[in-house]
Amino acid sequence: MIDPRILREDPDRVRAAQAKRGLSDDVVDRALAADTARREAITTFESRRGEQKRLGKLIPQAQGEEKTALLTRTKALAAQVKEAEAAQAVAEEEWRQSLLSIPNLAADEVPAGGEDDFVVLETVGTPATFDFEPRDHVELGRMLGAIDLERGAKVSGSRFYFLTGVGAELEFALINLANETAREFGFTQVIAPSMVKPRAMDGTGFLGQAADDVYRIEGQDMYLVGTSEVPMAAYHSDEILDGSSLPLRYAAFSPCFRKEAGSHGKDTKGIIRVHWFDKVEMFVYTTVEDSYAEHQRLLSIEKAFLDKLELAYQVIDTAAGDLGLSAQRKFDCEAWIPTQGKYRELTSTSNCTEFQTRRLDTRGRFTTADGGTELKAIATLNGTLCAVPRAIVAILETHQQADGSVKVPQALQKWLGREVLEPVTGG
RNA sequence: GGAGGCGUCGCCUAGUCCGGUCGAUGGCGCCCGCCUGCUAAGCGGGUUGAGGAUAAAACCUCUCGCGGGUUCAAAUCCCGCCGCCUCCGCCA
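Just so you know, the first sequence maps onto residues 1322 to 1748 in my numbering.
Do not rely on the hints blindly, as some may be mistaken.
Said to hold, decoys possible - Cβ pair distances, simulated, as ranges: (1) 1418 to 1373: 21 to 31 angstroms; (2) 1558 to 1406: 22 to 32 angstroms; (3) 1559 to 1536: 21 to 31 angstroms; (4) 1389 to 1560: 42 to 52 angstroms.
If you're looking for bench data, these hints aren't it; they were derived computationally from the structure.
Beta carbons: idealized from backbone N, C-alpha and C, even for Gly.
Go ahead and model the full structure; you've got the sequences and the hints to work with.
Shown next as structure tokens:
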């Protein structure tokens, strides 16, 4: 949720932000009207309620006719109060809904436009070249006995897989490396629940434009999370955090579930786009002022991780129209996938500023210059440390050799206990 | 899943049977001030959060786990839900 004060005091800024994302600004007018209506309704209710309370106090001391008269008046008033209260609730809800439907205001630096209007900030490493015909990760996975897509489909359906043998070992190695990296950078490790209540899902903005991608548990009013950003954002909901304890940096492991609705035909082969995968996600609570530097920090950690995997990648500044509901700015790290001849998203980091904490009611208590304290909205940020399947895809394809074996990046060797993954079947 | 108990403004706690001077008691902690060579003790005051109003205040409304209901009036009575604890059953 954006700051209601910005909407009231500078609606044109919100209109401009909507335009930048390619969205209508109707909702701005709707929200402004709702705000006015809401305040009127509050005034009406409060004046009636105030009178009711004043008169009510007189009743216990009143006697005889005076008391009867008072009761008649307060009884009528009670009905009015009830009515005014209901009207206020309606106005309040309309205001809330219109405000909730406004996405976070994109940063000035964010490129305008849609999915294809990103700006490449940086290219790191050189895409791998081969003196043989490189195999895709599906074939390599089969040769190594690492990825079993056929049985994944048999047991669970399309976009499911078993990681077996070195595939499973590779996941654990990646998780270990991610956790080691998290530790180096001062993150508290967390294992987060991947089923959440609607509050958490909605608070992180995933029941908005992304709702189609979310699995709901039948008959339970619970959801499977698509990322541990969801439980981690809700982790401190309804809390007032000690400002001096910030930043709070978490690295949360969880399985992630995505319907991938509307992606029919995209990445149908392999494990680039799957309904379930494991991920270690960085999640940070900090002040809004510090969030911009923290965002850069998360990006640098993601880059450091990709460097450890010895991958070639580019960093893009996502265009406004391709930002999530909550994000103010988003950087994606896209690794080179040899058999696709292009860069594909491996990690992503977003600064959600105060958008999520306003929805989930997380604030910070800070000491002011004069020694007092004040409550302020704080910022949340998230960033992928390692999304396992895509990391595996990039590693297998990048480090493959002519015979179908795969060189293990140095940083993973101690976790895998070997320098090369050897095929278990012929090519 | 069955039975019972509990949920009060940071923590503890009074109040709930018998609705209105509880529009929330006291203690601890914390903050400000006084006092005392310093410190401690002592004394006085302050200390939930949200919203409305205002130049800013004063002020007003809401907030006793959450949501309804009864009533002129609800922390208090009634209904539903959630969470925690204890016992039983079941189980990785």
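Okay, the hints, checked on the actual structure:
A hinted range of 21 to 31 angstroms holds for the C-beta pair residue 1418 and residue 1373, which are about 29 angstroms apart. Hint check: residue 1558 to residue 1406, Cβ distance near 27 angstroms, so the stated range 22 to 32 angstroms holds. At about 25 angstroms, the beta-carbon gap between residue 1559 and residue 1536 stays in the expected band of 21 to 31 angstroms. Against the hinted window of 42 to 52 angstroms, the Cβ-Cβ separation of residue 1389 and residue 1560 comes to about 50 angstroms, which satisfies the hint.
Checked against the numbered hints above, the structure violates none of them.
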